[in-house]
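Visitor: Residues 168 to 371 (our numbering) are what the sequence shown spells out, left to right.
None of these hints come from the bench; they were simulated from the model. Virtual Cβ for every residue (Gly too), placed ideally from N, Cα, C. It is possible that some hints are incorrect.
What follows is a list of derived Cβ distance ranges for each label pair [unchecked claim]:
id	residue 1	residue 2	range
1	A245	L315	43 to 53 Å
2	E293	A219	21 to 31 Å
3	A296	P193	41 to 51 Å
4	G215	Q339	33 to 43 Å
5	E268	L288	24 to 34 Å
6	L203	L322	18 to 28 Å
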Amino acid sequence: MTTHTIRARTAGPSGVPAGPSQPRTPIVPNGVLGMLIFVIVEAMMFAGLISAFVIVQAAAVGSWPPPGQPRLPAGETAINTVALLLSGVALLFAQRSFRSEPARALRPLLVSILLGAFFVLFQGAEWVALIGRGLTLTSSTHGSFFYLIVGMHGLHAVAALGLLAFIAWRLQQGRLTQDLLSAGQVFWYFVVGLWPILYIQVYL
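Generate the whole structure from the sequences, applying the supplied hints.
Guide: Printed below as a string of structure tokens:
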């Protein structure tokens with residue numbers, strides 16, 4: 168093989184030797200893409216639970232909830248719902264602050280975590296009160312669906328709060344990346360956005 172042939176194979180379109188290929192920047196970071204896939208799968212699971220609940224509720228004879236079962240505290244839970252929605256707004260402010268000045272993102276991030284923790288604790292107190300009034304997992308289909316659907320959401324909220332706490336710790340250490348923050352946002356916005364749907368379907 169001649170030297171001319173070797174140069175022709177290693178040269179670019181303009182005759183300049185081509186350098187090593189540069190890695191392509193993904194449109195969606197891997198961590199965010201993985202979280203999006205997880206959220207889509209979980210959304211399908213909740214869609215199935217809500218559909219089953221609506222069918223059972225529609226087929227119930229008489230009033231709902233069943234006789235002897237307490238009504239859910241829709242008014243008190245509305246306050247909890249507002250706190251969770253405000254938590255999502257605070258996280259949005261944290262993300263915007265992180266882009267311009269990362270140190271300023273810590274305060275709204277902590278506010279988001281505190282509001283989310285208030286939501287979880289309030290739900291726990293609500294469960295204790297409802298159990299005392301006779302609504303348990305085995306008392307009726309109403310109780311079974313309530314604790315299953317709301318309980319699954321509560322588990323997701325706790326897991327998402329743990330991720331936000333880890334993000335806050337990384338931010339304090341000066342090691343937080345935009346990809347990790349975005350992945351945490353996807354998870355928390357799923358928790359926040361799903362709750363009004365559950366509130367309307369289960370509580371009202």
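Visitor: Does the Cβ distance between E268 and L288 fall inside 24 to 34 Å?
Guide: Taking Cβ atoms as reference, E268 and L288 lie about 31 Å apart, which means the hint holds.
Visitor: Just to be sure I understand the hint, the distance between the Cβ atoms of G215 and Q339 should be within 33 to 43 Å; is that true here?
Guide: holds, 39 Å
Visitor: Between A296 and P193, is the Cβ distance one that fits in 41 to 51 Å?
Guide: Holds, since A296 and P193 (Cβ atoms, about 48 Å apart) stay within the stated range.
Visitor: Can you let me know if the beta-carbon spacing of E293 and A219 is within 21 to 31 Å?
Guide: holds, 22 Å
Visitor: For the hint 43 to 53 Å, verify it against the beta carbon of A245 and that of L315.
Guide: violated, 22 Å
Visitor: I want to verify a distance hint. Is the separation of the beta carbons of L203 and L322 within 18 to 28 Å?
Guide: This hint holds: roughly 20 Å between Cβ atoms.
Comparing the model with each numbered hint stated earlier shows that hint 1 is the single one that does not hold.
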